[in-house]
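Enquirer: The primary structure of each chain is shown beneath.
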Amino acid sequence: GEDVEQSLFLSVREGDSSVINCTYTDSSSTYLYWYKQEPGAGLQLLTYIFSNMDMKQDQRLTVLLNKKDKHLSLRIADTQTGDSAIYFCAQYSGAGSYQLTFGKGTKLSVIP
Amino acid sequence: DTEVTQTPKHLVMGMTNKKSLKCEQHMGHRAMYWYKQKAKKPPELMFVYSYEKLSINESVPSRFSPECPNSSLLNLHLHALQPEDSALYLCASSQGSSQDTQYFGPGTRLLVL
Numbered sequence: 001g002e003d004v005e006q007s008l009f010l011s012v013r014e015g016d017s018s019v020i021n022c023t024y025t026d027s028s029s030t031y032l033y034w035y036k037q038e039p040g041a042g043l044q045l046l047t048y049i050f051s052n053m054d055m056k057q058d059q060r061l062t063v064l065l066n067k068k069d070k071h072l073s074l075r076i077a078d079t080q081t082g083d084s085a086i087y088f089c090a091q092y093s094g095a096g097s098y099q100l101t102f103g104k105g106t107k108l109s110v111i112p
Numbered sequence: 001d002t003e004v005t006q007t008p009k010h011l012v013m014g015m016t017n018k019k020s021l022k023c024e025q026h027m028g029h030r031a032m033y034w035y036k037q038k039a040k041k042p043p044e045l046m047f048v049y050s051y052e053k054l055s056i057n058e059s060v061p062s063r064f065s066p067e068c069p070n071s072s073l074l075n076l077h078l079h080a081l082q083p084e085d086s087a088l089y090l091c092a093s094s095q096g097s098s099q100d101t102q103y104f105g106p107g108t109r110l111l112v113l
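Here the protein sequences line up with chains W and U, keeping their order. Letter by letter, the first sequence follows residues 1 to 112 of my numbering. Letter by letter, the second sequence follows residues 1 to 113 of my numbering.
Do not take every clue at face value.
As the list claims (entries may be wrong) - Ranges of calculated distance between the beta carbons of each label pair, as one might list FRET restraints:
#, chain 1, residue 1, chain 2, residue 2, range
1, W, Gly40, U, Pro83, 14 to 24 Å
2, W, Met55, U, Met15, 43 to 53 Å
3, U, Glu44, W, Met55, 27 to 37 Å
Unchecked claim - In silico DSBU-like cross-links for lysine-lysine, where the CA-CA straight-line distance does not exceed 30 Å:
#, chain 1, residue 1, chain 2, residue 2
4, U, Lys36, W, Lys36
5, U, Lys38, W, Lys104
6, U, Lys40, U, Lys9
7, W, Lys70, W, Lys104
To be verified - Chain U side only, calculated, beta carbon under 8 Å to chain W, not exhaustive:
#, residue
8, Pro43
9, Gln82
10, Tyr103
Derived by calculation from the structure, the hints in this document are not laboratory data. A quick note: this is a predicted structure, and the numbers were derived from the prediction, not measured. All C-beta atoms in this analysis are idealised placements derived from N, C-alpha and C, irrespective of residue type, glycine included.
This is chain U alone, in the form it adopts within the complex:
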């Protein structure tokens, strides 16, 4: 099983809302990732958790707040977003070491009004 699940599939939010994106995997992977993908562009890395510790934060604005409650779950808390934050947010996981193969979820399509 190489499945990464993400909820919700679609999300519409206003600029004053607070919402969360969720990601889950049951492959025993110990590294999890958040990516942002704009239309017609490749994914851009936002955060990496390795063994439940934040190891990479690619200068992402503080209105995005990641959380890794346990090794299977990854959340992305959203607050006071801007319309330009509208994008497909992808979660991925890998076994845990550097350069391990990453498996992606289906993504959450976010629209900020």
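Only chain W is shown next, with the shape it has when bound in the complex:
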């Protein structure tokens, strides 16, 4: 079956880079997603990567995809206190699916 795994916590100092990692099992998802959830809020689509790409850069965000190892990472450069949130990795559960499978979420804490 499909499964998405993430480490639960990450703590970084303001100004440093953050790297959040995710592993997945299903190779049929067309895109892989990163969502951000601030306390008490909904999920904000942060970025996504097409499954035939290796890297995508969007301002301070860099997504790396290693299809061979089924490993996805999100790098946040110059991490700010406003980046403190839970980050969910997600993929669809197979071809033709409407069901997103989420990882358990990584709580990023930024120390001023």
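Given chain W's structure and the hints, the job is docking chain U onto it.
Expert: Here is chain U on its own, set in the frame of chain W:
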């Protein structure tokens, strides 16, 4: 515009009450979703509407009743809920085909007493 709106923001209800959650999007999306999220957990899919037809019901108890009056609106009718149903209820929408990107609303925080 990638906005999904949800009302109310917060809701407190007793176990004998009937209430409804509302979700709206004006992006022309044809798939809409309800998720339930408990504290410190990822969202769990409840229902999917595709082109105003219920296409997925993830074995949700009948005390939750979804409704899709038109392509922009999605309701979730609540009746005889239990305290364990207290959670953040999230609505999302996508263009309409499978594996389309989902955009989420801010959620309704529900407390059942």
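Enquirer: Looking at the structure, which of the earlier hints fail to hold?
Expert: 9
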